[in-house]
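Peer 1: Residues per chain are reported as follows:
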Amino acid sequence: MRDRRLWTVFSLLLALLLACQPAATPTPTPTAAPPPAAPSPTPPPPTPTAPPRPVLFLSTQLRPVEEAEKMRNVILKPFGAPVEFIPEDEGPFHDRIRAEIQAGKVTVDVVGALHGNFVTLLKDNALEDLAALMERLKDRPMVSQFVELGKLGTDRPYCIPWMQATYILAINKKALDYLPAGADLNALTWDQLRQWGENIHKATGERKLGFPLGPKGLIHRFVQGYLYPSYTGAFVTTYKSPEAVEMWKAFKALWEHVNPQSTTYDFMQEPLLAEEVWIAWDHTARLVNAFKERPNDFIAAPVPAGPKGRGFMPVLACLGIVKGAPNREGAEALIEFLTRPETQLTILREVAFFPVLDIPIPADMPVHVRIEGEAVVKQSRAPDAIPALLPVGLGGKAGEFNKVNRDTLERIVLKGEEIEKVLQEEAANLQAILNETGAACWPPDPPSTGPCTVR
Amino acid sequence: MKGRSWVGDVLWYAGAIALALWVLAPIYLIGLLAFSPRMAVYRWPRPLLPLELSVETMRFFVTATGTLAATWNSIVVALFTMILSLILGAPAGYALARFFFPGREAVRMGILMTRMFPMAILSIPLAVTFIRMGLYDTPWAVALVHTAMALPFVILITASVFTAIPRDLEEAAMTLGCSPLSAFLRISLPLALPGLAAAALFTFVISWNEVFAAAILTLRQRTLPALVITVLNESPLYFRFAGGFFMVAPALVILLIIRRYLFHLWGVSGR
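Residue numbers (our numbering), protein chains in the order written: chain X, 35 to 489; chain B, 885 to 1155.
What the hints contain is simulated information worked out from the structure, not anything from laboratory work.
A few of these clues could be false.
Unchecked claim - Below are the EDC-like pairs computed for lysine to aspartate or glutamate, each with C-alpha atoms no more than 20 Å apart in a straight line:
1. X:K431 with X:E124
2. X:K283 with X:E444
3. X:K207 with X:E240
4. X:K357 with X:E162
5. X:K437 with X:E124
6. X:K250 with B:E1118
7. X:K326 with B:E1118
8. X:K286 with X:E452
9. X:K104 with B:E1118
10. X:K104 with B:E940
11. X:K326 with B:E940
12. X:K431 with X:E470
13. X:K139 with B:D1021
14. X:K431 with X:D123
Stated by the list, open to error - Computed footprint of chain X on chain B, listed as stretches where at least three residues anywhere in the stretch have a Cβ under 8 Å from a Cβ of chain X:
15. 943-953
16. 1000-1011
17. 1103-1113
18. 1116-1123
The beta carbon of each residue, even a glycine, is placed where N, CA and C say it ideally should be.
One chain only, chain X, in its complex shape (with noise of 0.2 Å):
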C-alpha cells in the first residue's frame, strides 16, 4: 500500500515538472508524458514584445523589502519605460559586476552603490566614463563636493550622486526628564550624553544608551567619523594620539551606561522600538522607523561634539554604468530621471534619502522625514562641525580596516585592555592596511602625498 502510495507522490511530482516546464533534460521513466514538440533553452514566461528595452537596475541601496516595493511601485513609476530595480547584498554585487566582466557579457545597465563600492567597481574596469552624461545635467543644483568625490579620485566622472544620508541620535522622550541641566539638544557634548546616560541609569538601574556594535552594525562609521574627528580633529594621522588615549578613556566611561546588549544590535530602530534603550546612534535609514512608527514618542538631534568639534560623516549613495552595460541609452535615460529634483523629493518622501541637489525641501514633507530632516540639518550646519568622509581608496580592503576600527574599540572597551598598547598594536594594522593600498588621507585628515600614515 505504502509503495504505491509513494508511487503516486513521485508520479505527480514528476507530472508537475513536466507539465510546468520545457523538458530540458531526457526523462528515462517510460512512463512520462511525451516533452513539448520544441524544448527552448530559456524558460517562460513570453515577455510581450515591449517595444522599449527594460533597464536592469542593480543596487546595493533600498534592499529592505518596503523600501524595494517603494522604489518600483512609486519612484521608478513616472520613469515610463520599465526598470527591473534588483536588490542585492554588496558582496555578491561586486562580485556578480565581476564575473559579468569576465565573462565578457554583461546584463547589468545601471548599479547604485555607495561611493566605497564605486571605487572598488572602478578598480575593477566595470565602469564606463559618463562625462556626456554629466554634461547634460549640468543644470541640475548638485552640491558640488558630491560631484567631485563621484570622479573617484580621477578627472572623469564615473558616479553620479544619487542620493544621501547621514548618521544622527534618535531619543525617546522618557529620557528627556534626565537630560543633564544646561544641556542644549541640539549642541549636546559627549561629556553630557555620558552625564545623561548616567543620570538614566541612577534613576532606572538600566543602561539606556545604545550603539550598532551587532555584526551587521555599522558601529566602525562611529569609531571613524564621529568619535576620532569629535576629539582628535582627524582620524588616520591622530589614530595613537594623545588626544586619542583621553577620547578612549571618556568612551569608557560613557560606556558604563551603553545596554551591553549592543553587542547583539545592527539596526537601532529594533532596540528603540522594543525600548531597550533610550537614546541612540546609528544610520538615518536604520533609525527611521522608530520615527514612522510612533513619531510622537521619539526625537532625532544631532550627534554630540568633542573638545575639536562636532564630528559625523555624509554618506553618497551613487549611479553608475556597468561597461558594455545592454541598454546604455535606457541607462542614462534612468540616471537622468533619478537626479531630477522632482524626483529626488519623492525619494525622500518615500525612503528617507535626503537629495543630493542643493533644492529647498517642501514643508508638506511626512513627519518622520521632518524629524529626521531637521536633525540632519542642525548637524551639518553645527558651527563646529567636522565632515568626514567614509574611507577612501581601499578597494577591497575597505572590510578589514573597517575591522580595525571595530576590534580597536572592542579590546578597549569590552575586554578592557591597555588603551596605550590597543592603539599601538590597531595603528599597525592601520598602517599596513594603507601602505599596501597606497590610500591616500581623505579629509577630515590633512591631505598627503603618499599613503595615508598614522603620526
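Mind docking chain B on chain X? Use the hints.
Peer 2: Below, chain B alone, put in the same frame as chain X:
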C-alpha cells in the same frame, strides 16, 4: 518494579516533551509573530497566545515583487535537483552496495571529497562558466549546482539502503527466472523505495535551503532563500518573521511527510 517503570515513564515523557518544545517553541514564536500586528513584535512581555492576529505583514511580504516567482523557482529547482540526483545517485549507490570492485573505498572517499570544496571560492568561476554556457540566471543552473551538492548524500544514503536489502533475495529471483535487471526492478527496487523516497525528499530540503549558489547564479530568477537573504537581511523584524515563517513552513510540511520514512535513510529500517 512497578515504581521504577513509573519513574522511567515520567522521565521518558519529560525528556520527549523537552525535546519537542526545544524544536517547536521557536517555530511557534516565529509563526505567532509572523501573523501579529507590526508593533506586537516589539511589545514586552511578548504575548504568548495568538490574541491579536493580523495578516498585514505576511500579505505585504507574499505580494511583494518577486516573492511568488521566487517560490515557484525554488520548487522547480528543488524538484529538478531531486530527480536529477536520484537518477545519477541511486545507480551509483547500488553499485557501491552490490559490486566489489578495486578502488571501491577510494570512490566512496572521492564522493565525500566533493563536499569539501568551499562554495565561496568557486563562486566567480562558476558564474563566469554559466554565463558563457548561457545557463546563468536560470533555475537549471542552480539545480545543477544543487545536484552536485546533494549527490554525495544521495549516493551514500542509497548505498546503505541497498546494502540493507539482502542480496539473496535478488539471487533467489534470478534462480526463478528473472534477469538481473528484472530482479532489481521487481525485488530490490520496491524494497528500497521508502529509503529512496526519504533520500529524495532530503535532497529537496537541501536544495530548498541552499542560498549561496542560488544568490550568485541568479539575478531575475531568484530562488526563495536568495530573495529572502537580500530582501529581509535589513528589513524590520516583523518582515523577517513573516519571511522566516514563509520559508520554514514548506520544509516543515515535507519533514512531516517523510517523518515515517526518515529511519530508512540509514538503512535501519523496521520493515
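Peer 1: With a cut-off of 20 Å on the C-alpha distance, tell me whether K207 (chain X) and E240 (chain X) pass.
Peer 2: holds, 16 Å
Peer 1: Verify the proposed pairing of K283 (chain X) with E444 (chain X), using a straight-line Cα cut of 20 Å.
Peer 2: holds, 13 Å
Peer 1: Does K431 (chain X) pair with E470 (chain X) here, judged by a C-alpha cut-off of 20 Å?
Peer 2: Status holds; Cα separation ~9 Å.
Peer 1: Take the segment 1000-1011 of chain B, compare each residue's beta carbon with every beta carbon of chain X, and decide whether three or more fall closer than 8 Å.
Peer 2: holds (count 3)
Peer 1: Given that the segment 1116-1123 of chain B was listed as covered by chain X, double-check it with a C-beta distance under 8 Å for 3 or more residues.
Peer 2: holds (count 7)
Peer 1: Taken at face value, is the distance from the CA of E1118 (chain B) to the CA of K326 (chain X) at most 20 Å?
Peer 2: holds, 16 Å
Peer 1: Holds or violated: are the alpha carbons of K431 (chain X) and E124 (chain X) at most 20 Å from each other?
Peer 2: holds, 14 Å
Peer 1: Starting from K104 (chain X), check that the Cα of E940 (chain B) is at most 20 Å away, please.
Peer 2: holds, 17 Å
Peer 1: Run the distance test for K250 (chain X) versus E1118 (chain B): straight-line Cα separation, threshold 20 Å.
Peer 2: Distance ~9 Å between K250 (chain X) and E1118 (chain B) Cα, so the pair holds.
Peer 1: According to a criterion of three or more residues whose C-beta lies within less than 8 Å of a C-beta of chain X, is the segment 1103-1113 of chain B covered?
Peer 2: Since 3 is at least three, the answer is holds.
Peer 1: Keeping to a limit of 20 Å between CA atoms, is the pair of K104 (chain X) and E1118 (chain B) held or broken?
Peer 2: holds, 15 Å
Peer 1: Would you mind confirming whether the straight-line C-alpha gap from K357 (chain X) to E162 (chain X) stays at or under 20 Å?
Peer 2: Between K357 (chain X) and E162 (chain X) the Cα gap is close to 5 Å, so the pair holds against 20 Å.
No hint from the list above goes unmet by this structure.
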